[in-house]
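Protein chains in written order, with the working numbering: chain A, 92 to 611; chain B, 3 to 175.
Don't read these hints as lab results, they were simulated from the structure.
Cross-link-like lysine to any residue pairs, in silico, SDA-like; alpha carbons within 20 Å at most:
1) B/K148 / A/S151
2) B/K138 / A/F184
3) A/K159 / B/F155
Computed from a prediction, not measured in an experiment: that's the story for all the values here.
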Amino acid sequence: MFPPCSSSSSNSSSGARHLFDVMPQPRGGEDRLGALTDEALQHVLSFLPLPEAVRTSALSRRWRHLWKSMPVLRVTGEGRVLNRHGVRRLNKFVNHLLLLRYRSACLDACEIKLGTFRSQDDPHINLWIRHALLCQARVLQVHLSIGNNSFELEDLSLNSRHLTRLELCNVVLKDCFLNFSSCPALEELVMRGCHIQAGKILSESLKRLTTVDCSFYSYPRTRISLPSLVALELTEPWGRTPLLECMPSLLTAFIKLTDCDDHCGGEEFGGSCDHIACENCGANGGSSRDCVLLEGLSESKSLELHAIPRVYIFRRDMTWCPTFSKLNTLLLNEWCVAIDIHTLIGFLQHTPVLENLTLQLCEAPVNWMKMEGSYNPTENPFASKQLKVVEVKCEKFDQRVHQIIMILSTYGINIEQIYIQRCLRYSEEPMDIPKDSGAGPSQVQTLPISPQENALLESVIDQMLAQQQQNFAQQQELLDQQQQQQQILSQLQRWQQILSQITTQLSRYCASHSQEGSSS
Amino acid sequence: MAAGKPVVMVTLVSSDGQSFQLLEEAALLSAMVRDTIQIGQGRGPAGIPIRNITGQTLSMVVVYCNKHYTAAAAADGDDAADEEKKVANKKQLREWDEQFINLEQDKLYDILVAANNLGIDGLVDLCCWRFADMMKGKSASEIRVKLGIRDDFTSEQRAQIEKDSPWVWSRTT
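This is chain A alone, in the form it adopts within the complex (with noise of 0.2 Å):
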């Protein structure tokens, strides 16, 4: 007999759920958990490893067949290294239940998470991702270790109308895999550790993209083309940074590059060297130089973008910098001030409806140089009216900060929307920071600004203020050289008239007196 399809799990999502029908037993019966349904039994039995969930087929004649309906199935190493004996063990236990289990029985989840395994065999874990998306898996997972991080998933793309959301980490990607044509409801994917070996990752229907210390070795450089993407993670990719395209769902992205294989000599020096010949500043592929991830977070209401000042691909797409039409929340950290201010500036000219900027400013710069003469805003007007709360993080109250202030003040924010905020940065890039930590801004600590810095800011806000009024004093002082000036003008106007008045009346007196002359 096959026990029905288990859909309590399925729809958990959709809000109340019944998981199993059971009759509260009166107390003192032996076996209360005897008295729960399949169902609840086999709920239990997804919270156990593997192995032992089949052994309870031993426990009674009850238990004897529940493990082969099981909802979800963990795959594991148990955390253990695998050698050759081992390998093949786990292979022959994982092959057994999976043919074993009823086939009509739907799968949930199944996550496959091996220790390393150090062995001529491999496991049979692409048979395993086939087989569980043949029953119908909606959650899929597959976790290698570190050690195993140069397994390759097999190049063919998945086909399942259920997969939902798919996490991998620590394998190798080709092209067919990342191809997602086939898996209509997906909907996140998840990658950790993974080498992209791909020309392009493509799913019509993808609404959440986390990729976490991912490798991308193509060139062309990785196009990702997902236009229903919501929600994007890019942290630390490693490799050419892939290529955005256009993503009109967008709502929030993290991206956070440290190191990557992007460089182009002039990079030390302020940004692109404009060749087209150069692999990185110009063309992308085709012979379109535009932009590689600025253009696809055109469309997105709130950005953060972190990167070490050396990292250069954010300042070459300043080049071609879109403009970000609904962005409203933005961040950037010290890469926006690395040279000068220009680039912090060009963002603040391209974002029409920014309401909130941080800044993080935690490292101190090394070759900064203070702009040449004053911003001056009439010449290249800010986009961002909307600008209403600006937050600066910085370690110390260095010139960069106090020319931002400047700048924005001049533009006519007020300083007290300005808040600055001291933090510390922890010891150098925290090696240690747990895998799953995912999205968040680098670690900062914040401390109270020391009373040295409030005097010192305090002070320059005064001598903003003086200078302020200094030339408010200035300005009424010229308004009333001016009004002086004009003055003494009307009033020399005024003698002209009357001098050349008098010369007319003049010259007819001396016209008739010699007209008189000569007649008499």
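With chain A's structure known, arrange chain B on it following the hints.
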């Protein structure tokens, strides 16, 4: 809780007539309460009668709801960007959960039934996890003793099980 929001309380009445007052938002963790309120009932002074669940069990369920509601409300108020704090809070809540559910079988069973009837998914999962945890790392006979499962196999059947599926038993624990 945001200031200015009116505080609405809900009363749950157990099968043995004990009433428990809690914030409506906390009670909404239960799908059953959610449904009752949605059809416009349960807000009156009579409260919501919860059949088949005793006061002793219901009091535990109320504690769970209150804790999870407060944790969720606190998480909402936090700086959304502070990922580390979020992870720490989540871990703390999980530790609380594990301690809360560290119960003997009878009580655990009652709570599982209650959570299931009330439609509190998180608590159902927690109870099932706890049952699994009680079975983890134990041999079949140990599990039988722990959970009071009667061995109704004949001796032939028992021998047959191991013979039939060597792929299960060849992996020693």
